[in-house]
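Undergrad: What follows is the residue order along each chain.
Number of protein chains: 4
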Amino acid sequence: MSKEYSKTPQLPTSAIARDEGIKAKTENWFEYFVKAQPHHTDYAGVVWHGTYLTWMEEARVECLRSIGIDFADLVAIGCDLPVIELSLRYHLPIQLGTSAIVKTRLSETQGVKMHWDHQIQAVDTQAVYLTGRVTLVGVDREKGRIMRQLPPSFQDALVKLVTNN
Amino acid sequence: MSKEYSKTPQLPTSAIARDEGIKAKTENWFEYFVKAQPHHTDYAGVVWHGTYLTWMEEARVECLRSIGIDFADLVAIGCDLPVIELSLRYHLPIQLGTSAIVKTRLSETQGVKMHWDHQIQAVDTQAVYLTGRVTLVGVDREKGRIMRQLPPSFQDALVKLVTNN
Amino acid sequence: MSKEYSKTPQLPTSAIARDEGIKAKTENWFEYFVKAQPHHTDYAGVVWHGTYLTWMEEARVECLRSIGIDFADLVAIGCDLPVIELSLRYHLPIQLGTSAIVKTRLSETQGVKMHWDHQIQAVDTQAVYLTGRVTLVGVDREKGRIMRQLPPSFQDALVKLVTNN
Amino acid sequence: MSKEYSKTPQLPTSAIARDEGIKAKTENWFEYFVKAQPHHTDYAGVVWHGTYLTWMEEARVECLRSIGIDFADLVAIGCDLPVIELSLRYHLPIQLGTSAIVKTRLSETQGVKMHWDHQIQAVDTQAVYLTGRVTLVGVDREKGRIMRQLPPSFQDALVKLVTNN
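Residue numbers (the working numbering), protein chains in the order written: chain A, 2 to 166; chain B, 2 to 166; chain C, 2 to 166; chain D, 2 to 166.
Note that these hints are calculated values from the structure, not bench results. Where hints are given, some of them may not hold.
Since the list gives no way to pick one copy over another, a pair counts as held whenever it fits inside one copy or between any two copies.
Stated by the list, open to error - Subject to a maximum C-alpha distance of 27 Å in a straight line, what follows is the list of computed DSS-like cross-link-like pairs (lysine-lysine):
{"#": "1", "residue 1": "LYS144", "residue 2": "LYS36"}
{"#": "2", "residue 1": "LYS36", "residue 2": "LYS161"}
{"#": "3", "residue 1": "LYS161", "residue 2": "LYS114"}
{"#": "4", "residue 1": "LYS114", "residue 2": "LYS144"}
{"#": "5", "residue 1": "LYS36", "residue 2": "LYS104"}
{"#": "6", "residue 1": "LYS114", "residue 2": "LYS36"}
Note that the structure is predicted; figures quoted are calculated from it, not measured.
Full structure from sequences and hints, please.
TA: Printed below as a string of structure tokens:
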């Protein structure tokens, strides 16, 4: 199985530069709540930089569930959604015990690519801990290759998600 | 403690766009070997996208050790190096059991910021699994603030690392 | 700093054998809900065996919060609660996307030791995924040593927790 | 798929009590080296208690490789080896930056069950950080059930491992 996500080994292009084409129109975010537990932290007493990837993944899965898409079902019918690009900026550390909101939005789709924006904020203030963009691509699990198109029912649901934003 | 890493909550700028100023001159990489163990994988049978952050962190720590800098000592004298920016592109999935090389290079420093390039490759072929850039910043642990300058001995070692590249 | 948790390097004694002395009287459990997200799984498509430790830790932290103890506050006043013993039995695998209940109970305290029982169950059936016991001990963070006694307010709250069970 | 590992939801029995029957005869251990990296630690500045499970898993995989068994191949031919029981005792914390030896030994097999002993020690002193026993069982991936017997070539290799000990 040799699924190649991207032909040319370049460094990632900017999340900002990509902000063109069909994209989310409003400021509506899906909100997912997390709390900084001991296992999320490192020696510095704050959330380890990789932990945020677990939170953003959970937020995307729950955002999809909110429009009727069960991620495990998608996998079961042979459609996987690996991450192919990731651009994050860490603004403020999150201390042990802190609650935060992971704001999540499917900002645009390009064929079988989905660009998700994330913003992690404090619950009580406007403090922003992290901003980032994560790009997923539809992969045919059996063939191990990028799909030509997403499963129709999934595609329809996504369009609604982008338009609703 | 309110260490703010970055004033304006923008999305990350491109890793490529930042490629100006003092930077590494050659293609010399520090090489760190890893193997895809069961706990690194997810349901898709390949390495989970967040696992790569653990490997790149290990590679940076060992790269610093190779020039005589012990990361734990640095932390002990009050200098922390949190990640403030991360841009990754995933080119090919890594299967369970696969060995890979994490190529690591301090490509440039800007004051107390360190930009590290990473390239994860197959051991036996030229296949590239991931390319990315990770930016760290020197933080004074006691004050919880970005340092004005890195500890002199650390700064000196880093300069050598960039020039050697 | 040389905090030694246990003098003689023996293998763990049984969770069952230890069931003597002051212990929880009833079947009341604290319940904490989790869901098997992609990052919790491994190549086998089910939850990786180490993931359960994150869930049980979260459940203990939230159980303490339910009786007014903020774990981060406890750490801030210099009391840490490392795990010193762990006995788990895995009965059934948990598939990607599955919701589960982490049932948690402080079953007994012995001086500064706390024995917690855990049972992870299906939400809709009586299926049991995991049973286990986790023992924590109060450590003075500054001295790096096991405490002679837990902070009084914490001890009082714990007694209530055991009696309420 | 309903692979049930264990019928009765009891708490784990003691690792010591199980020490009967065919078992390893000598003190020969397989040794696997690890280092406490930033991502292995938690807010307390020491290795998080769940991290040890990743190290012991890696040590078992590499121990099997040392007798010619490739774990990924085993999975590919349909044999999985999930953990069904785990008993750990944490003796001393491991500080950031510390190197350690994960000593690993297949102490006995019972049908399709494999009992592994682990002891994590300091590299330079005799200090013991952790002792534990982990039990795996052979599962037929396709049927999702515990195997009647392990694949013959695997079984043969294991016998040698136990006898060599």
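Undergrad: For every hint, state whether the structure bears it out.
TA: Against the structure, the hints come out as follows:
1. LYS144 with LYS36: between (38 Å within a copy, 25 Å between copies)
2. LYS36 with LYS161: Classified as between: cross-chain Cα gap 25 Å, same-chain 30 Å, threshold 27 Å.
3. LYS161 with LYS114: within (16 Å within a copy, 41 Å between copies)
4. LYS114 with LYS144: within (18 Å within a copy, 35 Å between copies)
5. LYS36 with LYS104: Both ways: LYS36 and LYS104 sit 14 Å apart in one copy and 19 Å across, limit 27 Å.
6. LYS114 with LYS36: between (30 Å within a copy, 26 Å between copies)
Going down the numbered hints, you'll see the structure goes against none, and every one checks out.
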